[in-house]
Amino acid sequence: MGKYIVKRILLMFLTLFIIITMCFILIKLLPLPAVREMGRDVNLILAKREQMGYNRPLLVQYFLYLKGIVLHWDWGVGEQMYEALSIWSVLTQKLPYTVMVNLYSILMAVPLGLMFGIYAALKKNKWQDHVLSTLVIIFISVPSYVYAFIVQYLFCYRLGWFPLTVESLENAAFFSARMIRSMMPAILSLGFSVVAGLTRYTRAELSEVLTSEFMLLARTKGLTKSQATSRHALRNAMVVILPMIIGEFIGILFGSLIIEKIFAIPGVGSLYINAITVRDYNFFMALTVFYTFIGLASNIAIDISYGLIDPRIRMGSRK
Amino acid sequence: MSNKTNLPDFPPEKFQFAHKDERIHDVRFETRPISYFQDAWLRFRRNGSAVVAAVLILLLILFAIIVPFVSHYTVTFRDGYYKTVLPRNPAVEHLGFWDGVKNQRETQAGYDYYSGIGVETGRQVIKRVKSQTVDANGITYYSLNVDSYGKVGYVYVNLSQDQYRALQDYQDQTGIQVIYPLQETHRTNYVMGNMGANLWYKLQDPRPTSDGRALLDEQGRHIPNYMTSQSKTQADYTSLRIAGDDGGADGSTWYVYGQRNQSGFKARVDYYEYYKYINGVEPAFLFGTNAYGQDIFTCLAAGARLSILLGISVSFINFIIGAAYGAVEGYYGGTIDIVLERISDVLASVPFIVVATLFQMHLGRKVGVLGSLLFAFVLVGWVGMAHRVRMQFYRFKGQEYVLAARTLGAKDRRIILKHIFPNAIGTIITGSVLAIPGVIFTESMLSYLNIVNLETSSLTSIGTMLANGQGYLSTFPHITLFPALFISILMISFNLFGNGLRDAFNPSLRGAEE
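Which chain is which? The protein sequence lines are A and V, in order.
Each residue of the first sequence is one higher than the one before, starting from 202 at the first, in the numbering used here.
Each residue of the second sequence is one higher than the one before, starting from 5 at the first, in the numbering used here.
Pairs of lysine to any residue, SDA-like flavour, derived with a Cα cap of 20 Å:
{"#": "1", "chain 1": "V", "residue 1": "370", "chain 2": "A", "residue 2": "480"}
{"#": "2", "chain 1": "V", "residue 1": "106", "chain 2": "A", "residue 2": "358"}
{"#": "3", "chain 1": "A", "residue 1": "327", "chain 2": "V", "residue 2": "53"}
{"#": "4", "chain 1": "A", "residue 1": "208", "chain 2": "V", "residue 2": "353"}
{"#": "5", "chain 1": "V", "residue 1": "401", "chain 2": "V", "residue 2": "344"}
{"#": "6", "chain 1": "A", "residue 1": "208", "chain 2": "V", "residue 2": "349"}
In case anyone wonders, no lab produced these hints; they're calculated from the structure.
Given the structure is predicted, the values throughout are model-derived calculations rather than measurements.
Please construct the entire structure, taking both the sequences and the accompanying hints into account.
Following this line, the structure appears as structure tokens:
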């Protein structure tokens, strides 16, 4: 197991390295945008460019870029936005908002999804199951931004339950009620599809487990239906469901890109979109690495968690 | 407990040998054999929701194909005055919905303004006064149902000599009053809209600080404030005159219907009729217009065409590349598999938004926005398909019939194409269909975020339409509603259809349905 994890992580860094290289070269092939005039910051950025070897050969630039990251954790500075500020500092400043929105929505969605899924599995092929299945297919298919529009129109404009903008961290603490309330529209919009996905998944897994032999044995030995379901069926279904939840948690960072834009959440997603819009290549590069890393890491986390949760699964073994 | 005790005593002569004089042999099938696709089709037809979804997809595709041909408008069409008007369908508007009417809260001045337009044009602008309230400061507020088309009222237009004449000829032929008299200039800051073209009536307070309330006569009617002239021909106007214009009778004054300026004439026209004159159709936008005055109905069809076309072509190209790649991976296995799998792994790990952005930056100028988006989709999109095909090949390549074919001397190509592919085709088709909504969603998301700008003179995309509508979500939700509704229905239909296909193509589910 340990060897397998090490191998996977090394492989991940190799993939990451290839992707960074490709992106770096592709970005450097583009014409370098001029630094906008704005007083003394120009000199700072020009000095930074000199330090990063912008007028030297591509390979030297690449070497200096990697060296800066590995030795000093230096991702460069903003050139078109957040001028002359360290990219890493801006990123860490934005990260809490993204994490918060995702954390809240996952915390809300997971229990609901499990609940609906278990209910649908227990009522399989009855009308409750059919209703839930229909809702699930609708909620999975409808794009997240459509929920965002509905939520924004209904809850923010018509009913006025939630404010239009997100509180800043200076005004409200991480887990304060005010913060949650201001983030509620985004949380709801993100949550719908997660709930639906989890419901579908849980229903499928659980209904399969419920028909297996050991459930019959559990009932035969005298457990009540709820005992058998919670102690035997759910645990076995969880082997597949839990990694999905873990994957969902990491994967939702991508989905929040559009939600962050709609609700003007000052998170990493908006930062990324802004970087693309104003063509700030340093930000673009760093955030590309960030997103790629998250994607790769979530894959590994899912695979490893299979092995950790279910002792029957031996990861990386030949047989 | 033995069975013997339960059975009655049968006499031995009642027993017979079952096959005593018969020859036992295989019986030829009397029924006709059914092919894989026929079977799939049979079972697909029984899946109600999938059939409904397929019909819906067909309807949406037809909508996208037909509308650009029958619509009076194009994507380039922009009306300067009918901006953000509400959906209106003349066929059903008398029933009280889909009639372009919007609820508005107005002061007395607003009420006078809208009723003034209604009085002058003869078309009711205020459809209904819902309520009338007086607040603590003694200011009256009306809650009105205002016709969003009618409230445009009058606009000033600059016409050349010829246009001016042509419009008068049109009036003479049809008997419809389009040009209305100009009015005396108000010296107030109160304008409301269209540069004050709708203020044809006298105000209670004519000073610059006027609150805009109209001066009414004893019967509560607006008092006209038209510009008058002694000379009938002053503005080269010989056509219809409005009802109150009988100045010729007492020989004193005529209303002025046009003013000469550098380019020709400045006239004040009833925009509703003028629009009909210019465009040849009554202004009725089925889905309303957006903030640029574009017809949402037509734009939606154009955006839908783009989305569906992109979805289907990407899915088709990926199907070909992915199938070939996956077949090679799965069939040959070993080192080839490991190397190819690493390549596709790396490609699959790059977030799509990065690929799309880089392609836009590099190729956007050379092959166009749409072309580079297509390239981006193709570059990474086939990975999923290749993975699926590879799994299928691993499943089938070790089976006996493949071994038999190989023993008989079949070449690799033959085994792949004739023996393994037909078995995997169901999964592959399902995967291709289910990839379409993903492409459509991604395209709309990218154009919504303006990372990919698909809006050109003849092109628009659903994402762009949604982005255009977002700023007006609180005031004009219809701009967002229709594209959002469309894409939701499209996605739901494609998913249901794909699921139906998956079940139909899965032979293990045969007979499992009740």
